[in-house]
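> If you want the building blocks of each chain, they are given just below.
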Amino acid sequence: MSRRNVFPHRLDLAHGCVEMTHGGGGRAMAQLIEELFVAAFDNLWLRSQDDCAQFQVPAGRLVMATDSHVVSPLFFPGGDIGCLSVHGTLNDVAMAGARPLYLAASFILEEGFPLADLKKIVDSMAQAARQADVPIVTGDTKVVERGKGDGVFITTTGIGVIPEGVNISAQRAQPGDAILISGSIGEHGMAVLAQRENLSFDAPIQSDTAALHGLVAAMVTAVPDIHCLRDPTRGGLATALNEIAQQAGVGMRLQEAAIPVQESVRALGEFLGLDPLYIANEGKLLAICKAESAEKLLAAMRAHPHGQAAAIIGQVVADDHHFVEMKTVFGGSRLVDWLSGEQLPRIC
Amino acid sequence: MCLAIPAQVIEILEYDQAIVDMGGVRKPISTALLEEVAVGDYVIVHVGYALNRLDPDEAAETLRLFAEMAEVISDEISR
Amino acid sequence: MKYLDEFRDGQLAQGLAAHIRQAVKPNRQYALMEFCGGHTHAICRYGIEDLLPETIRLIHGPGCPVCVLPSGRLQAAIELIERERVILCSYGDLLRVPGAQGDTLLKAKARGADIRMVYSISDALEIARTHPKRSVVFFAIGFETTTPPTAVAILQAQQEGLGNFSVYGNHVLTPPALRALLASGGEVDGFIGPAHVSTIIGSQPYEFVATEHQRPLVIAGFEPLDMLRAIAMLIRQINKGQARVENEYTRAVSAAGNRKAQALMAEVFTVRPGFEWRGLGWLSDSALAIRPEFAAWDAEQRFDMPPIQAADHKACACAEVLRGIKHPQDCPVFGTACTPDHPLGSCMVSAEGACAAYYHYGRFRQMATL
Chain V
1 MSRRNVFPHR
11 LDLAHGCVEM
21 THGGGGRAMA
31 QLIEELFVAA
41 FDNLWLRSQD
51 DCAQFQVPAG
61 RLVMATDSHV
71 VSPLFFPGGD
81 IGCLSVHGTL
91 NDVAMAGARP
101 LYLAASFILE
111 EGFPLADLKK
121 IVDSMAQAAR
131 QADVPIVTGD
141 TKVVERGKGD
151 GVFITTTGIG
161 VIPEGVNISA
171 QRAQPGDAIL
181 ISGSIGEHGM
191 AVLAQRENLS
201 FDAPIQSDTA
211 ALHGLVAAMV
221 TAVPDIHCLR
231 DPTRGGLATA
241 LNEIAQQAGV
251 GMRLQEAAIP
261 VQESVRALGE
271 FLGLDPLYIA
281 NEGKLLAICK
291 AESAEKLLAA
301 MRAHPHGQAA
311 AIIGQVVADD
321 HHFVEMKTVF
331 GGSRLVDWLS
341 GEQLPRIC
Chain S
1 MCLAIPAQVI
11 EILEYDQAIV
21 DMGGVRKPIS
31 TALLEEVAVG
41 DYVIVHVGYA
51 LNRLDPDEAA
61 ETLRLFAEMA
71 EVISDEISR
Chain R
1 MKYLDEFRDG
11 QLAQGLAAHI
21 RQAVKPNRQY
31 ALMEFCGGHT
41 HAICRYGIED
51 LLPETIRLIH
61 GPGCPVCVLP
71 SGRLQAAIEL
81 IERERVILCS
91 YGDLLRVPGA
101 QGDTLLKAKA
111 RGADIRMVYS
121 ISDALEIART
131 HPKRSVVFFA
141 IGFETTTPPT
151 AVAILQAQQE
161 GLGNFSVYGN
171 HVLTPPALRA
181 LLASGGEVDG
191 FIGPAHVSTI
201 IGSQPYEFVA
211 TEHQRPLVIA
221 GFEPLDMLRA
231 IAMLIRQINK
241 GQARVENEYT
251 RAVSAAGNRK
261 AQALMAEVFT
271 VRPGFEWRGL
281 GWLSDSALAI
291 RPEFAAWDAE
301 QRFDMPPIQA
311 ADHKACACAE
321 VLRGIKHPQD
331 CPVFGTACTP
341 DHPLGSCMVS
351 AEGACAAYYH
361 YGRFRQMATL
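Residue numbers (my numbering), protein chains in the order written: chain V, 1 to 348; chain S, 1 to 79; chain R, 1 to 370.
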């Protein structure tokens, strides 16, 4: 049975701010953890108040993934840094074809950060973890002086187990394979951009941040021998495809007309001179499988809520230069190159 | 040099500003370079300013000319 | 999206391409220059060259204001912000252009300079309003498309008495650049005229291309179908030995252009006696300076910004690429020492520079022929 600490005054979650003592290891920190984090994430492991979590794992190959989140602004249409940090790591684990088991979360908080905002973020994480049915079992908190952090930075780590018969690796992409995307691209990055200083638009674009392990489970059930999975986050679809092409030593040929892009994402891209192919996604995955399995995989994806707009967008080919080429809607061809530097909006 | 896109004026504001809509993206822009502008007009927007109005009749005519140019040849080709 | 999608229709493209293939005379080469960086970008991004017969060669011209900005002018801005604690506002394209010894605004930002990327000069005005104790300098570049917004902003600043706002003006003019290209005697058979510069200046200013140099010029809209039709119109003129200025972009361009915008430009700017253009050298009457009555909003008057001579990298062939004498793949360092991640010259930085456009969208063609 766990002992609950009793603190003389509850945290002022409505008007209080993060103070240096909250990271000091003393009572203030214990109170922050108890009244904010444990209250939100609430599970056996956290209630035991140990500094680590102990658990059994099923036999099989394990996957571990970690992700740091520094998104700015912290809150954006469709999500926030909290749920983003949960989804991001769950998805990294899922991209190995694995079933996620546990998450860890560490926070670097800036002195002065409003507790009300922190609570919103933590509650959002808790909800995301609950919906995914993956508990946050351990974590850490540090506080840095005002000016030395951007409000809050979150790092999440996750572990999962890979089912038998599943062997997913970028190197498995082969000439002839089909390339699929689970839905429309560019939404997360555009939603965040639209909020930022100096680029203020009232674009009705929502981040697509979502946990994809359920979709992946459905996919590997339908087609256990999927060759590759990847979530096209920073750098967008173009970067993910170029990475795979490089790792597998192949080329790719895409059909622009087949790649789903929401009208508003396209419009904002036009406005800003940014190409949706290079914009981050946080709730999409791309899959590469044998040509014969493509239709079956597509059907399984479309049957799932996170894959309704899935599409076959191209195929893998032999290519010593590892080029990713695309047939444009116009009929000509263009390279879908690596991103160089940050994508800076064009005026010109 | 010329990234400029067509957008529709959906609201006129004071001080030579208007709100335009382009595929669902809405943004306030300056109309200081236009003689006159009305809600419903299409304008070309560049770096936050409307450069000119788009003439819908000329646009339709241009599309017709594309189609004509494209069709003429599909009658003649026998490859 | 209206007025966008219809002008990108793939089927019409095939039809227009077939028309062009029929129209070109056998045994005849056609060298067409597209002046405007936006057109360069569209050609590469849509793969328009794939639809054209091999006898048509598209040459990329210097209509990219980032590309023609001499590194000395950029370096002057970097030195200003390191000396004085101004807030420098800039369009995104400029941030990675190499100045002296490969220094860039982005690197200066990493060293602590307060540089803010803006989409519009009006954003810079807003920054000036919200930071009354700081000096805000806007790095203005662009041809006649981008100049009127700067004029409006300076008048706005004057009206509001916004004393902490100023503009570092590097606006350049299109007709002088065209003259310089024609004078250098390259073998260009016809020109695809810029889309949005023309909405401002009209079709009239291009007449000299036809009357003095006997070359046809067709103003083309911004979309790929516009470009194909303009190419067809040029081919037809060239075949008939004609030299006229034609307007394909009738939905946005008139002969007179946007008179109000022209008047505003004239109110705020005057023509500099001369200006250094990267690649084209010293061109007289080719750029704009802010008029003396607006000196309070002219960064060059308010701050000490001595002219800096910064040499381009030795191996950089931007000068020839900008004139259309060399194709990007003819440059010895293209794709090797000079890439978008490590640009030696400005043609590789701006997304509309010929080298960047070709590298990013089209270099697979070069590799395919190796």
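Just to be clear, a hint being listed does not mean it is correct.
[Said to hold, decoys possible] Cut-off 16 Å, straight-line C-alpha distance, at most; resulting in silico cross-link-like pairs (EDC-like, lysine to aspartate or glutamate):
hint, chain 1, residue 1, chain 2, residue 2
1, R, K2, S, D55
2, R, K2, S, D57
3, V, K148, V, E19
4, R, K240, R, D189
5, V, K327, R, D50
6, R, K260, S, D16
7, V, K148, V, D123
8, R, K260, S, E36
9, R, K25, R, E160
10, V, K142, V, D225
11, R, K260, S, D57
12, V, K290, V, D225
Keep in mind the hints are simulated off the structure, nothing from the lab.
Since the structure is predicted, the reported quantities are computational estimates derived from the model, not experimental observations.
> Please write out, lowest number first, the hints stated earlier that are contradicted by the structure.
7, 9, 10, 11
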